[in-house]
Structure formats: C-alpha cells, structure tokens
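Please model the entire structure based on the sequences and the hints provided.
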Amino acid sequence: MSVVDSPPSVRKTALNAVHRQMGAKMVAFNGWDMPVEYPKTGGLVAEHMAVRTGVGIFDVSHMGDIRLAGPRALDAVQHVSMNDASRLAIGQAQYSALLYPQGTFVDDVIVHCLGENDYLLVINAGTREKDFAWVRDNTRQFDCRVTDLSDEYTQIAIQGPRAHLLLAKLTDANLSAVKGYWFTHGTVCGLPNVLIGRTGYTGEDGFEIYIPSDGPTSARVWNEILDAGKEYGIVACGLGARNTLRLEAKMPLYGHEISDTINVWEAGLDRYCKLEKPDFMGREALLQAKLFGPSKVLAGLEMTGRGIARDGYKVLDMEGAEIGYVTSGSPAPFLKKNIALVYIPPAFAPLGTPVQVEVRGQGVAAQIVATPFYKKPKLLV
Amino acid sequence: MAYPNDRKYTKEHEWVMANGNSASIGITQYAQDSLGDIVFVDLPKVGSDLAVGKTFGSVESVKAVSDLFAPASGSVTEVNEELATAPEKVNQDAHASWMLKIALSNPSELDSLLSAADYEKFVAEEAGK
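Quick note, the sequences are listed as chains V and F, same order.
Using the numbering used here, read the first sequence as starting at 133 and increasing by one per residue.
Using the numbering used here, read the second sequence as starting at 12 and increasing by one per residue.
It should be emphasised that the hints constitute simulated quantities derived from the structure, not laboratory data.
We put the beta carbon where it would ideally sit given N, CA and C, even for glycine.
Hints are supplied without guarantee of correctness; some may be wrong.
Pair by pair, the computed Cβ-Cβ distance ranges are [what the hints assert, rightly or not]:
hint	chain 1	residue 1	chain 2	residue 2	range
1	F	Ser33	V	Gly493	24 to 30 Å
2	F	Asp78	V	Thr185	29 to 35 Å
3	V	Gln499	F	Asp122	48 to 54 Å
4	F	Asp78	V	Pro348	40 to 46 Å
5	V	Thr185	F	Glu136	38 to 44 Å
6	V	Arg272	F	Lys65	57 to 63 Å
7	F	Gln103	V	Thr279	49 to 55 Å
8	V	Gln153	F	Gly58	47 to 53 Å
9	F	Glu131	V	Glu451	49 to 55 Å
10	V	Arg352	F	Ser33	55 to 61 Å
11	V	Ala351	F	Ala95	40 to 46 Å
12	V	Arg492	F	Ser126	29 to 35 Å
13	V	Gly365	F	Thr96	25 to 31 Å
14	V	Glu261	F	Glu92	48 to 54 Å
Structure below.
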C-alpha cells in the first residue's frame, strides 16, 4: 500500500519499480523487497485462483543460480547433490537437495543439465550466498568452474493450465516438445537464447524463463506477458499466492519443511535421494539414520474444527499433550479448507488420525490427510 | 474516504458506536483493506468481559492474524453470528459489519477515542509511512 522507498539494505529485483507502480503490497522477504500481493487485481485469493484456472506470473528473480562447468562438473554436482545427476539428459532437470554431512538440508535445488559437464543449480533466495559458498568450497577437488549467476537473470514464472498457450504466443520454441522438468532455449519476446524450463512451484503446469536482468528489458518482457495473457485472465502474483499454491501442492519451503536440523527421511524426500550413488555429502549419516527410522515425519493435516493452523503452532494429541508443530499452515484458497504441514511422531501419521492444533491457547480439532492436498488435473488442451 | 461521524475510532482501527449504555464494535474500512480477504473472525462468547485496550479476539486473512483490541470496557451482549459463516461481509462493508455489542461499563472511555476527522488524519499518516 505504501509508495515510499524501502531502506537501502533490502535488495530489489529488476522489476521492483514495476511492482510498486502496479500498486503491489510489498514485504521484506529474506532481505528482498518483494510483492506479497497486488490488491488492484484482486489480491492473494484472486491470484491463487488465476494460477489454478488460467495463468499467473511471478517475479522470482530473488532466487539464485549457480553454474558448474568444466571437465569434472558432473562429479562435482554428484558430490554435493543427493539426487543422481548422471541420469539427466541435456535439457532435463531434477529436484534435489544439498546436504550437510549430518544428512540435513543446506537447501533444496533444481539441477538443470545444460550440456556435457555443464549444470545450472537454481536455489532459494534466502540461501543464495550460503549455497554458493557451500558448492564452491565443497567442489574444490573437482576440475570445474563454479560461477554465481544469480544477478544475471530476471526469472519470471508463468504458471497455470493456460501457461503454455500464453508462452507459445511469445516464443518460437516448441513448447509441446518440452515435458515437465525439462527445458529448452528459444527466443522469447524477441530475446534470443532464453532458457525456458517447464518447472515451477505451484503444482500447476508452467514455465520459468530466465531473461537478462537489466531493468528496461525485464519490464518490457513482464508487460508483454501481461498483455499477451489478458485473454487467459492473467494476473501478476506475489509471494502470498506463491506460498498458498506451493502449500496445496505440498512443496517444501526452506526454513519450514526442510532446514539444517531436519534430515531427508523426516522430510519424506526419499525418492530424490539416491543412496545407490557411491558418494555424496550426507550419505553416511543418512544410511545410519535409516537404520533407526525417523522420530518425526512430515504429514499433511486438515482442520476439522473451527480455526486456522499457522506456522509454528503446536500439534497436540486428543488428550492435549504436545506431539509436534506446524511447519506451514494457512487457508487453502482453491481447496477451501484450512490445511497445514506438520512434524509429528510416525505413530500419529496414518491417514485419518485425529489430532488437535493449538490456536490461541485452545485445541482445535484436525485430522491427518493425504498429500499433496491438491493435484492438478490431466491437461486436456 | 469519509469515515462516518456516528461513531468513534481507535488507533488499532476499530470503531465503536454508542447507543445509550450499549455499543457496537467493528473494524474500519482501512483495516479490512489492509487485511485483504478476511477468512475468519474469532469473537468472544456472550457474557464475556472486554477490558479497554486488551485483545478480545482476532480477524484473519489468508496471510495473517490480526488481534482485535477492545475500544471500551464492558460485557458482551450480542455477537454477529453471520461472520462465522460469511466473514467476507466485513470486506464488503466494514462499517456496516458490527462484530459484537457490549454493555458499556465505563461510557466515558469513549471520550478519549478519535473522531471521524481525527481518524481520517491518522490513517493518512499511516498510509504515508
């Protein structure tokens, strides 16, 4: 609501002035001045619904990019990343994580195979510097260049069932040939060789494009996308909707579902962790931990009583004893329920288990439900 | 925007409209606009006591929880049950959406609250921050 400049210590993306000019409600997020919602076009709920039914765009330039290139780049990636990057074809990406030796999370990451021994890691905004230092310091033994490209790109996410129709109007790339978690390069809004990934953080089909980070180019492309998207009901979306969308899709957020005190088994990210890889950071600790089983597991919860579970609230058993906590909780605008992700002992994790969430000192009824809470319907057009 | 003169306002963005020794309480247009879509209103039961300046409930948007602060002391005589199932009414017309009615225990507390004109000025300063 404010049109006053933010203090200089907060970072801004190249699109910051555009968001402010659009009347976005701004918030400080991990050191970045970012739009949380755009009230003039309906705000959070309208943005969430646009992504689920049409298309929405997000400025996600605050995220980071690390490139590893050189004769032993694959070995370097394999050493720091828990998933198996050797399975990636050129043009393919995978969800993974960087782990501490204890098997807990430095960050989650999307690993893109740009070429032979050439990889791009896309990482979280709040962990940019930490991740870069981590990757650089833990790959010195491999002949490979590690470059921080975070400031080179404006990253725009175009998400929703109509995203492919919208982007097709603006690019010469053959988008139907790009499956989920694959990417290509093409001309976008007249800019050559733009990385176009069929990736996102919403649980919908969609794309993330990486364009040069200068202000005028970024603003031009943003506005051209908004223009081309009018026929699909496009709206600009902020971090508020970004959070409710990823929560419905049960996608983890660093500092909530994953952190430096939570390990891969607890977070339920087993399928992205390839223990058959002979060496990666965290492997030994994870093998050990696997022997004992996790003492807490991530589960989905739905409020059955009247109340909203929010980040940090306590989870109680039916007798009122504290058994866990909420990592992320919010009303779900599309599902029209109040949902949460929680860490609880495995004994409470079976679907349908009744629990309570402590809301302002009172236990409110809830139950454990299947996740993801939301799954996108099969694309028919 | 003009704030109605038939009531007083607080710096926590509540309004209180007195009718003899009874008063109805709600939140202002500015408050609902700042909150965004309201999804939940948490109010005390009939018979509970409100102490001026203390929290008595909360209003929630998708993104945030906002405490409600008692503009005056008294005991709750009526609660707007509509808001339990249709909290969006507060967004539609905040000044018409009373949340609860109280029997004032100390009506003179209202004297120190903001007039419509003072509240409007206060809001303009807040918005400029």
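Going down the list of hints, with the structure as the test:
1. F/Ser33 with V/Gly493: 24 to 30 Å: 29 Å Cβ-Cβ, so the 24 to 30 Å window holds.
2. F/Asp78 with V/Thr185: 29 to 35 Å: Given about 34 Å between the Cβ atoms, the range holds.
3. V/Gln499 with F/Asp122: 48 to 54 Å: Given a distance of about 50 Å, which is inside 48 to 54 Å, the answer is holds.
4. F/Asp78 with V/Pro348: 40 to 46 Å: 44 Å, holds
5. V/Thr185 with F/Glu136: 38 to 44 Å: Given about 40 Å between the Cβ atoms, the range holds.
6. V/Arg272 with F/Lys65: 57 to 63 Å: With Cβ atoms ~59 Å apart, the hint holds.
7. F/Gln103 with V/Thr279: 49 to 55 Å: Once the Cβ atoms are compared, 52 Å apart, the range 49 to 55 Å for threonine 279 of chain V and glutamine 103 of chain F holds.
8. V/Gln153 with F/Gly58: 47 to 53 Å: Because 51 Å falls inside the window, the suggested range holds.
9. F/Glu131 with V/Glu451: 49 to 55 Å: Taking Cβ atoms as reference, glutamate 131 of chain F and glutamate 451 of chain V lie about 51 Å apart, which means the hint holds.
10. V/Arg352 with F/Ser33: 55 to 61 Å: Holds, since arginine 352 of chain V and serine 33 of chain F (Cβ atoms, about 59 Å apart) stay within the stated range.
11. V/Ala351 with F/Ala95: 40 to 46 Å: 45 Å, holds
12. V/Arg492 with F/Ser126: 29 to 35 Å: For serine 126 of chain F against arginine 492 of chain V, whose Cβ atoms are near 32 Å apart, the range 29 to 35 Å holds.
13. V/Gly365 with F/Thr96: 25 to 31 Å: Taking Cβ atoms as reference, glycine 365 of chain V and threonine 96 of chain F lie about 28 Å apart, which means the hint holds.
14. V/Glu261 with F/Glu92: 48 to 54 Å: 52 Å, holds
The structure shown violates none of the earlier numbered hints.
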